[in-house]
Structure formats: C-alpha cells, structure tokens
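Residue strings, one per chain:
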Amino acid sequence: MTDNTEYRVKLEIFEGPLDLLLHLIRKNEVDIFDIPISLITDQYLQYLDMMKALNINVAGDFLLMASTLVHIKSRMLLPEQGEDKEEEEDPRTEITRPLLEYLRLKEVAGELSERDMLDRDVFKRHLYGDYISQFEGEEVQLDVNLFQLMDAFKRIVEQRLPDATLIYVADTMTIKDKIAFIIERLRQETTIFFTDLFNESRTLSEFIVTFLALLELVHIGMIRVFQPGPDKDIRLMAHFMDNEENDNG
Amino acid sequence: MAKSLKLILEALLFSSDKPLTVKDFHPCLPDAELSDIKSALKVLEHDYEVLDRSFTLKEVAEGYQFRSRSEYGSYILRLLQTTPNRLSRPATETLAIIAYKQPVLRHEIERLRGVDVGGILKTLLEKDLINIMGRKELPGRPLIYGTTKRFLEVFDLKDISSLPKLKEIKDFGAEEYEPSKTSSDNGLDKEIHETDSEGGAAD
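So the protein sequences, as listed, match chains A and B.
Using the working numbering, you'd call the opening residue of the first sequence number 1 and step up by one each time.
Using the working numbering, you'd call the opening residue of the second sequence number 1001 and step up by one each time.
Where hints are given, some of them may not hold.
Distance condition first, Cα-Cα at most 25 Å in a straight line; then the derived DSS-like pairs of lysine-lysine [stated by the list, open to error]:
#1 B/Lys-1018 - A/Lys-73
#2 A/Lys-106 - B/Lys-1149
#3 B/Lys-1006 - A/Lys-124
#4 B/Lys-1149 - B/Lys-1127
#5 B/Lys-1018 - A/Lys-124
#6 B/Lys-1136 - B/Lys-1158
#7 B/Lys-1158 - A/Lys-106
#8 A/Lys-232 - A/Lys-106
#9 A/Lys-176 - B/Lys-1136
#10 A/Lys-106 - A/Lys-27
#11 B/Lys-1127 - A/Lys-106
#12 B/Lys-1158 - A/Lys-124
#13 A/Lys-106 - B/Lys-1038
#14 B/Lys-1136 - A/Lys-124
#15 B/Lys-1122 - A/Lys-106
#16 A/Lys-124 - B/Lys-1127
#17 B/Lys-1006 - B/Lys-1158
#18 B/Lys-1006 - A/Lys-106
It is worth saying that the hints were derived from the structure and are not from the lab.
Remember, predicted model here, so these are calculated numbers, not experimental data.
Next comes chain A alone, as it looks inside the complex:
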C-alpha cells in the first residue's frame, strides 16, 4: 500500500481567485470599494500556502492574482506623485472592477437558476423517455465552497494541534482507508458534523488525510456538504443512499 502516499487528490477547483477574494472580503466584513489591500493580500497568500500544503493544484490564475495584489499593495505604499491627484486612479480599481463585474455575474446567474427550469421545476411531455441516462455524468453539487471547507479545516487544526507544522509523514492511515471510514460512518448516521469527522484523528497528517478524503468524496459526488450559515458547523450528508444500486456497478 506504499503507493498510496503518492495519491494526489485531483480536486477540480471550480472556485477561482475572485471567489477567494470575495470570500475574504465577506469574512473580514470590509467594504468592496475600500479594500484594506495589505490585510487581504496577506490572507490571500496564506490561503495559497495552505492550498499548496494540501496538495491542491493551485492554478496559474491564483498566482496571477497574487502578483496583482502584491503589485497594488506596493503601489499603495508609494507616495503620491504630481499635482493631479484627482486624475490618478486608485490602484485598487484593478481588482475592484473585476470583482464588481463578477458579483453582477453571480447575480445574473442566480436569476437564471431561479427560473422554471425544465426537468427540475417543469416537465414536458416525454415520448421516448429515458430520463435516467439523461442525467448521467452530472456535475457535483457543492453547497459549501472550497474556501469555507479550508477555513473549517484550519480552525480544527489550530484548535486541536496548536503547535502543528505542515510536514507530511507517510502514515498508517491512507486516503483510501479514510474514505471507507467516512462512508461507513455516514451509512450509520446519514449526517455528521464536519468537526466530528476529526475526533479520531491524532496527528496532523491524519487530519490532512481525513480532509483530503472528504474533498475526494465531495468531488466524486458521494457526499454533500452544507453550511447552515456563516460560522455555523459544516454538515456532511450521505449522497449515496438512494442510488447505491446504480452507482455500485
């Protein structure tokens, strides 16, 4: 089972750098028109480190945004030059504008998904019906985004292993084992709290293995993740109960 230490979670990061920025802005409750660039940049870079430590493939988009943030930060530190201060654009516009565009886009997408959607809300007459095949290859539904999960994970590590450093040591528990373990628990309890998931974990590497197992399960659609509200405990729900027969093939 030694090859399991090489196991990499191929988690597709649908969330991009703009999602991370919005997450940080909301979390810190700051004004999008007056972003404290130093604070947000520092936190953004911390997330990137964390993603790398977790073996999550950090896309180039994230690095590009990091360099943009650092660049803006440095421009903010420079003394303003020349007389025409009013002419000069706030360096932060470079991220504020795309963020606002993105927010608007999210709003539009929200309106779109609230419409009476065919095969969700309304149905047409079906003459040669094979609905089941139509929905195969469905995308994974994630009710909690990656950054919320990472926050929750960070909190747990900080609470339970205050002096932890991120060194990965090959351990007895593999991701495969952990996946089987989580599934077994969900089979018994249907829903469990995110924090309870880590009750049996003792070392940081075990924490990480548990977390990666969770991400993998979300990715392959075996479980669904919910957060009732910001700062509420994240809950995991089995998503394999009703269609088990179909999926076990």
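Let chain A serve as the given structure and place chain B on it in line with the hints.
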C-alpha cells in the same frame, strides 16, 4: 371546416416532445395561413391558461410546448425516479456570461470569471446548452460560443431577448452585460484587441 385549426395544432403539440414553431406546423397544414396558425396558437395558449390545469401551453424557445406547472414537479420526479436537472454554480455563471455576451470567446469568459472554463464549456456543449458559432478571424482563430435553442427551452425563455434585464450594481462597470444586440459586436472587438496585446489570444 370540419376540424378546427386550433384542435389540429393542439394534437400536433400533444404528440411532440420539443417546442413546435409556426414553421414546424406549416408542412402539416399547407393550406393554412401562417397568421391564422399564429392566432390559433394564441387562443389555444389562453384556453389552457383559463382551464387552470396542472399543465399549460407555454411559448418557449421560439415555439410552443405543453409543460407541467412547477408546483407538480416533485410528483413528476418521483414518477420518473430521477434527480432534478441541475447545473452547478460555476456552470450557471459561465452560461450566464455566454447568454448575455454572445457571440463570445473563451478568453473573454475567463477574464470575467477569473478562472479556466475549459471543462465547463465541455459540459455545457454536451448538455447542448451552448454551441460553437464559428471562429473569430484572429490569430489562432479562436472559437466563438453562443447559446442554443435548448438553452431557451431549459430556462423557460421565449427567445434570447426575453432574458431578464440586468440590474446595475452602483453604476459600476455599467457597460458590461447588455443582452446581445447589434452593439455587442463592437464591444467584443474592442476587448479582443486589449487581450491581444497581452498575448492572451491563444486557442
């Protein structure tokens, strides 16, 4: 006339699983005037509305289609033993960009979402919600994307101009996201040049 035009149209709609347009009816009813077909459809639509049944005749995707009312969806799902049709949030966002900005290039979508959309485009193409409209005459001949009739059908839209109008967020970046009309093409060209200078127009 023995059989009323309205009832013939009703029979055709009843036996079809896709929205039928006025043009679809024409080969079945070569003698009928298009304008008569149109007005008969309007009457039929109204008839079903007044009947207040569990389904209606909806004008959708440039045609007409019988579809159930949303309050009965959960029962139908049980009958079909399936999960509701779903589109993830990132896919919906990508679709929204394409709907409002079409004809649109991939790197434009990526500029707005700030992330690679290759996988999502593939999904949307597979679901027949978007299609490739052609290639832009630019270095690399990038593909141009637009929405399909299926998109209109799935999202309960009569035609592309009936997309909901956009509210503005505090007058910022207000020039973006107008539903595509003739003016959208100019906007697209302008942005292409901007991105070109950064060397971003590959594929």
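Tested hints:
1. B/Lys-1018 - A/Lys-73: The given pair, whose Cα atoms are some 55 Å apart, is violated under the 25 Å limit.
2. A/Lys-106 - B/Lys-1149: The given pair, whose Cα atoms are some 23 Å apart, holds under the 25 Å limit.
3. B/Lys-1006 - A/Lys-124: holds (20 Å)
4. B/Lys-1149 - B/Lys-1127: Within the cut-off at roughly 12 Å; holds.
5. B/Lys-1018 - A/Lys-124: Holds. B/Lys-1018 to A/Lys-124 sits at ~8 Å (cutoff 25 Å).
6. B/Lys-1136 - B/Lys-1158: Distance ~28 Å between B/Lys-1136 and B/Lys-1158 Cα, so the pair is violated.
7. B/Lys-1158 - A/Lys-106: holds (23 Å)
8. A/Lys-232 - A/Lys-106: Since the Cα atoms of A/Lys-232 and A/Lys-106 sit roughly 23 Å apart, the hinted pair holds (cutoff 25 Å).
9. A/Lys-176 - B/Lys-1136: violated (47 Å)
10. A/Lys-106 - A/Lys-27: At roughly 18 Å apart (the allowed maximum being 25 Å), A/Lys-27 and A/Lys-106 satisfy the hint.
11. B/Lys-1127 - A/Lys-106: holds (21 Å)
12. B/Lys-1158 - A/Lys-124: holds (15 Å)
13. A/Lys-106 - B/Lys-1038: violated (37 Å)
14. B/Lys-1136 - A/Lys-124: Not satisfied, since the Cα-Cα distance of roughly 36 Å exceeds 25 Å.
15. B/Lys-1122 - A/Lys-106: holds (20 Å)
16. A/Lys-124 - B/Lys-1127: Distance of about 17 Å is within 25 Å: holds.
17. B/Lys-1006 - B/Lys-1158: Roughly 21 Å between the alpha carbons, so the hint for B/Lys-1006 and B/Lys-1158 holds.
18. B/Lys-1006 - A/Lys-106: Cα-Cα ~42 Å, so violated.
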